[in-house]
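Enquirer: Line by line, the protein sequences are chains A and B. Residue 1 is where the first sequence starts when you use this note's numbering, and the numbers rise one by one after that. Residue 1001 is where the second sequence starts when you use this note's numbering, and the numbers rise one by one after that.
I should point out that these hints are in silico values taken from the structure, not numbers from a laboratory. Note that CB positions come from ideal geometry on N, CA and C, so glycine has one too. Check before you lean on any hint, since a few could be wrong.
Stated by the list, open to error - Computed, partial: chain B to chain A, Cβ under 7 angstroms:
#1 1029
#2 1031
#3 1393
#4 1418
What the hints assert, rightly or not - According to the in silico footprint, chain A covers these stretches of chain B (three or more CB under 8 angstroms from chain A):
#5 1006–1013
#6 1021–1028
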Amino acid sequence: MDATSQESFLEFVTNRSTALLRTAVLLSGGDRHAGEDLLQNALMKAAGRWHRIDEPEAYVRQILYRQQVSRWRLKGPRRELTVAEPPDPADGTGTATAADGTGAAELRLVMRDALSRLTARQRAVLVLRYFEDLPEADVARLLGCSVGTVRSTTHRSLARLRALAPELDLLAASDDERQGQQQPPSRDFAPVEVRP
Amino acid sequence: MNVEELVRATLREQAAGTESAPADLAGRVLTARRRRRARHLAGAAATTVLVVAAAVAVPAALDRDGDTVRLASEVSRGRTLTHVDQSPPRDLIAVGEQALAAYFTTRKVEQPNRDEIATRTYSVLDQRTGRYEVDARWAYLTVAPGMRTAAVLERQLPATRIGVLDLLTRKVTRWIPMEGLGGGVGAVEFSPDGKKLIATTYDKNPDRTFWSKKVPVNNTEEPQPVSSRTGFAIVDVGSGTADWHALPAFKEPEYGMTFGSGQKLLFNDDGTLVYEAINVAVDASGEESADKVPARIYRDLRGKEVPAPPREKYVDRMMAPAGLSPNGELVAGPFAGGLRTTATQVLDPRTGDRAAKLKGQELLVWADDERLIAWDIAAGGNEYENRLVLITIGSDKVVSLSGARTPKDYSPGRWEPIFAKR
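Construct all of the structure, not just a fragment, from the sequences and the given hints.
Expert: The structure is reproduced here in structure tokens:
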């Protein structure tokens, strides 16, 4: 790497690393350390051909996504996730209720946990679709697959989230109520166990 | 809210909760890449001939595998690096334009004849790792602006040569001979542009105190320094040429006071004059004077006394080493606190009047035009348990930069900072 490339590389990392790290942590299911590793590896790859890259951010992001969904990364055991929030709500019930306003934050915690249990590919598709707000065609191009695959993976990922966190059904129920449809009351469910 | 919306909200919340990327990420990437490349090159049974060129003006160097190595101080430019749990510091401390380039501790080494030599041990920033490492080879060390080069003197003072030390390789790249110039060199300082050195010369070790000159102090006796300064040399770092002029230690005619062996000489703010600190305040008539007249003499580069430059009339490097601000609009002033409080001040360089009262205990160096690095103590703390802090003109905010020094003189925990422009 020559001095000019290095200068521009350092400037890029200084300006963009926090934004890139956010994506990397999301791709890693909320694991900060795995996110840093992912980003560091992506930056190392990019550094090797820095002088030939026209759009560094797009390039690094593409490496991030592809690296995350590539086969070898799926082999590693899933690491224990560290979250800042206490595992149980203060009232000790541990039950998330969508009707109750205070339940929204808990629901997001449940969702966070469920997201961390998806496969890397499933998570990458959701991050691209719902965090980066990219159209299906762009997601397909970034991940190197067809639009149909993106669509089906999105569908299966959402279904998997519902299966991992049954209390998300409440959302569907409340949505339906808003739309004036009568639904049978949803089944009772056990208190949610949110892993520390 | 449906599941898609919840996914979106959760991802956004999670992203917003992600703390900033590590400050040294770029450095980590480049280091890891270099290591990986080095392994790769070693593994392949192939020889690659690398053509390298060293650019003098760019503070970067090339290491063995041809990669450019960034100076730790350069990589961190623009960032404030603090290590409040470290005293003495282990990792790079830097603010604004300045970085802690090195520091030293001093111990007294008693000689067989009961003389004592105040012996310094320097810890210097390793520009590859960003950590301070002991370099016990030197009796004296000073760092050039840019923090690529240091000037060093070997253990036996006064020294007969000045070493030019590369802070990346930690090797002396050149020796500048100083034999026959007023005995030998006891101290060196760079000019503000780093192109010249002022070497103060002595005929005895200026750090030595002599038992033969002992004086009673607190029911005991202590050896004392003797006046041994002979002069100074202006050294051109590029060519190695030295121009020596005699200048014995300052003596005030009536009081006969000197600064130990003779104070080391410094360049003034723009490097065109010599700054000599003296220990009595005298005005032009030689009389001890009011507080406002600072205790220093300006000389031209041949040693002839000249009037103080208008902007530098109130620079007092003994009481406030920071001196003039980078834009020249303020000058650091002396302690302005009381019996139980610390405070400092900045002055109008033209009048010497106080422009602002500040936090801090001693103003060490300007980080930029509004901020200074200073010593200060924790509230209610011991007067000598100083830590490096960052203070801002017009603000009461004090940001700690280092841990606190131990109060005891000549102890390993009492370190003295050496700052340089990064």
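Enquirer: Among all the numbered hints in the text so far, which are the ones the structure does not match?
Expert: Hints 2, 3, 4 not satisfied by this model.
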